[in-house]
Structures are given as structure tokens and as C-alpha cells.
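Next come the chains, spelled out residue by residue.
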Amino acid sequence: MAEDPITGIVCPIRLDYTITPGRAQTRFLRGLESGKLLGQRCPATGKVYMPPRGSSPTHGLPTTEEVEVADRGTVTTFCVVNLQFASTVREIPYVCAQILLDGADIPFFFVVQEVDVNEIRMGMRVEAVWKDPSEWGPTLENILFFKPTGEADASRESYKEHV
Amino acid sequence: MSRKAETDATKGILTAPYVLEYSYTRSTGPVLGRFFSGLRDKKIEGIRVADGRVLVPPVETDPVTGDELDEFVQVGEIGTVTACSWLAEPRAEHPLDKPFAWALVQLDGADTGLLHAVDCGSAENLEVGSRVEVSWRDERHGFITDIECFRLLGD
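The listed protein sequences derive, respectively, from chains A and B.
For the first sequence, the positions run -2 to 160 when our numbering is used.
For the second sequence, the positions run 11 to 165 when our numbering is used.
These aren't lab readings, by the way, just hints derived from the structure by calculation.
Source: prediction; values computed, not measured.
Hints may be right or wrong, so weigh each one.
Computed spacing ranges between beta-carbons, pair by pair [claimed, not checked]:
#1 76(A) / 133(B): 55 to 63 Å
#2 31(B) / 134(A): 20 to 28 Å
#3 17(A) / 84(B): 49 to 57 Å
#4 33(A) / 151(B): 48 to 56 Å
#5 39(B) / 77(A): 36 to 44 Å
#6 61(B) / 78(A): 53 to 61 Å
#7 102(B) / 137(A): 25 to 33 Å
From the three backbone atoms N, C-alpha and C, an ideal C-beta is built for every residue, glycine too.
So here's chain B without its partners, still in its complex pose (with noise of 0.2 Å):
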């Protein structure tokens, strides 16, 4: 976090740290609930719709004919980069403390991309296209940060 520099308009003013925070903790429903707690299994499952797709992270109803759905379906713990943007100055409320990039990643197996971090050092190594897989925390907690982040495939 920068902070101004004191200057003589500012000097022996004083500052001091002030935290908002509210945290609350929302009920997850049967079907994210699932899947959090896939998570911790390392296991992540989508949910198929009507036309066939299979969505990742579940939804409970279908987008279009508005149905209750059930069924889920395990998919892959590698996938592809369909949209990156790079983060090249993380704030300490984010997943990684170093240069990241956020990346819509479609899981093999899956019709839709997952929002996450991806961990590839500068931007140049990520691009729509991209294979990429999931590196999981060693203590998981059934939390989408189960997932650390994302890695290139092979690295």
C-alpha cells in the first residue's frame, strides 16, 4: 500500500490505520454446499442443464427452462484459459502475494469457465488457450480458496 509522503502542509498531522470490515457468512444452498464441500475433497463438480452443458461452479436452476437441477458431474482439475487479465500489483485481499493473472479457466469436462488466479510469473506466459491446472491447498476448508490458484500445465 503507498502512502503520501509528509510534507510541510502535512507534518505533525496525525494518520491513523482504520479497518471497516463485516464479515457474515451466507448459507451455500444443497448445491453450492456440494460443492464447497468437493473442494475439500479435492474434487470439483458441476452441475448439467437441460441442453446438455455442464456448468462449473453449480447452479441450482437451469438458466433457461428455469428447472430445479440435480445432476452433478465431476469434471477435470485441468482446463483452458478462455479470458486472462493481468494483475500486476496485488493488494493484500488477494489470492497471491506476487504479480497474477485472473483467468476464466474452463475445466475439462465442463462448458463454462471458472473464475481464478492464475500463477505464471509475467504475462507473456498466458493466453487464451492456455492449459492449465489447479493446485490445491494442503489444508482446505470448503472454500473456492481450496483452490491456491491455478499453474501452467507442465510447469
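Excised from the complex, chain A in its bound form (with noise of 0.2 Å):
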């Protein structure tokens, strides 16, 4: 039996890297290694970066003290993912969401599980579930996703700042 002509051919593309996060950013997956979310204070302001660059991103200045932040926090905004394309393990629709966590000043993207996506909204109060720290390894993958807590929402003036 004959073989279908060749129509497309696959073009490989590919470039491999050792990157490095660099000393701030190793000292906060070092304690994810532990379960801590460990921010760092830009000297100027008293803000708190999480996950941290090592310098404060309005100032300039060297970001030496570490903060700990909680794994919970407020949603300040949201996406609701319908579109299901190449790279995606999950199934939709599920939430992204920018989350406040308490004690740090800039929020964080997340995937938000367990929610009904008519029902996540502005001002939520989420939690990490994290993976069984057996499997925990320096990297935010320690999280599997955050899911509401059950709480009051929190107050628009508790985040207006970050929206």
C-alpha cells in the first residue's frame, strides 16, 4: 500500500537554557522548600515584595529584610480562562486571579480552584492548598492552587491600591 504524499513537514524550534534566578529570588524558593512565602522590604517605603527581586522596584534600594507572608489573601482581579489551548492542563473554564497575600504590597497571579466561576469575584478571600510537603521542592509548584476560604469578602479600601 502506498504511503499519503507528504504535505507539512514539522519545523523544530528549540532553545535550551540553564537559567538562574539569581540570590533574591534562591533565598525565597529556598523557603518554599520549607512552606514560606518569604517577601522582602524595600527600605524606603516599608513595602513588601512577594515573590522578591532583591531591590525595590521604586527605589532602587537593595531589598535585605525578609518578610514573611501568609498564604492567604484577597483577590484584587481575576480572569476566567473559556479557551482551551496548547499548553493548558487544566480544564476549563478556571479562574487566574491577581491575589493580595497577607502582609505583602503587590498581588500575585494564581490559579483559584474549588469556586464556581460565576461566583469569584473582586475582594475574595483565598487560601493555598498546598502539596504534601513530602513533595515540596524550591519552587511556587508547591501550591496546587488557591481556593476561597470562606470569609467575609474583604473591604474595597483593604486593596484599591492594587487594582
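Hints in hand, dock the two standalone chains.
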């Protein structure tokens, strides 16, 4: 039996890197190994950045003071994902949200599950669901997703700076 | 791949592999489609242009007149090196995992050079004018890599 004629070829484009997160983010990732979320404080404004980049984005100063932030916080904004695309590993629809962790001064992007997509809202209180500690490594993948805590919504006043 | 040694300054800092990859399927069109299909059957086909030359790989339109082309011509598996460059340190993506030469091979019956790898041991063994022949893969899928490489004639 003759094989089908070739009509398309797969063109591989691939770049292999070794990346390093640098000193500041290495400390953050090491914290994750023991289930800690370590932000860093700007010495000028006192704001806590999480994840830290090692310097204050507003003042350019090294952020040497480490501050543990909570693994729960407030949804400041969100997006319901309804489209399947190539790299999607979750069932649609699902929710991505900016979450202002308690103790942090900058919201952080995460997936929220165990919530009806019609229920997700600004101000909703959510908490991290962690993998079993035996599986923890120096990675944010230790956190599977966030889920609603059931607490009353945070007041808009508490996160209005971050919207 | 070489990795920088850990120094006092980098001690304890994490590193991780990071792969950026986007493979995409490219439509071959009828002419290159026939060329790739031919490779699967160990057949190398070029195409004849208005001035009589045979181009390998084939193209859809005449590079001089712009006319559509359709006269396929099978060429030989043996050819002559018209240009070459030695690659001493192949990387993972290269077609051979040992030092080899990139070469333009003008197959017998063709008037242009086909770029491919030549497995010839060392740079001294290959020069412009060297005669080489195709080494086919056992498993062929209709891609340029169905030709594993070229080897010196008689090797």
C-alpha cells in the first residue's frame, strides 16, 4: 500500500537554557522548600514585595529584610479562562486571579479552584492548597492552587491600591 | 554543553533547565511535498528550469522566468562537494553526534548543491571536489533527515 504523500513537515525550533533566579529569588525559592512565602521589604517605603526581585522597583534599593507573608489573601482582580489552548493542563473554565497575600504589598498571579466561575469576585478571600510536604521543592509548584476560605469578603478599601 | 563551574560568588544559587520550544507544521506545497515523499522511497528528485538546469531541492517557480515548474528529474545518490565547513563541536540539535562537515553536495544530474552533513572523520578528509554518497536511514518519514548524512565514496 502506497503511503500518503507528504503535505506538511514539522519544523523544530528549540532553545535550551540554564537559567538562574539569582540571589534574592534563590532565597525565596529556598523558603518554599519549607512551605514559607518570603517577601522582601523596601527600606524606603516599607512595602513588601512577593515574590522578591532583590531590589525595590520604586527606589532601586536592595531589599535585604525578609518578611514571611501569609498563604492566604484577597482576590484583587481575576480572569475566567474559557479557551483551551495548546499548553493548557487544566479543564476549562478555570479562574486565574491576582491575589494580594496578607502581609504583601503587591498582588500575585495564581489559579483559583474549588470555586464556581460565577462566584469568583474582587475581594474574595482565598487560601493556598499545598502539595504534601514530602513533595515540596524550591518551586511555587508546591502550591497546587488557591481556594475560597469562606471568610467575609475583604473591604474594597483594603485592596483598592492594588486594582 | 558546557556549564560554568560553581564559584564562591555563585555558591548556593539555584539553576534550572529551561526549554523554549515551538515546533510548528509547515505546509510543503506540491513540489517540496513530492521531494520529501521521494526521500521516503530513497529517491531524490530535482526540478528542471527553463534554461535546462536541474535544481535540487526542487522549487515551485523558475527563479529566472517566474514560470511554474513541473518537470521532475530524478538525480543520483552520489555527488560532488562544492563547498564545505568543518563542525568540530556538534550540539544536541545537529544531525550527527560527532564532529562532521556541513557541505553543499551537487548530486550527479543536478546543477545546484544540497546542504547536508558529511560524516568523514576529520576535516582533512574532505575538500571541494570530494565525491560523496547518500547514507539513508532505515526508518524514513519523508523529511530531509531521511538522509542520515553523506559519506566519502568508497568509505
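These are the hints, each one checked on the structure:
Between residue 76(A) and residue 133(B) the Cβ separation comes to about 56 Å, which falls inside the hinted range of 55 to 63 Å. Restraint check, residue 31(B) to residue 134(A): a C-beta distance of roughly 23 Å satisfies the suggested window 20 to 28 Å. About 53 Å separates the C-beta atoms of residue 17(A) and residue 84(B), a value consistent with the hinted range of 49 to 57 Å. Between residue 33(A) and residue 151(B) the CB atoms are about 50 Å apart, so this pair conforms to the stated range of 48 to 56 Å.
The hinted window of 36 to 44 Å between residue 39(B) and residue 77(A) holds, with their beta carbons roughly 41 Å apart. The hinted range of 53 to 61 Å is satisfied by residue 61(B) and residue 78(A), whose Cβ atoms lie roughly 57 Å apart. Against the hinted window of 25 to 33 Å, the Cβ-Cβ separation of residue 102(B) and residue 137(A) comes to about 28 Å, which satisfies the hint.
The structure meets every hint from the earlier list without exception.
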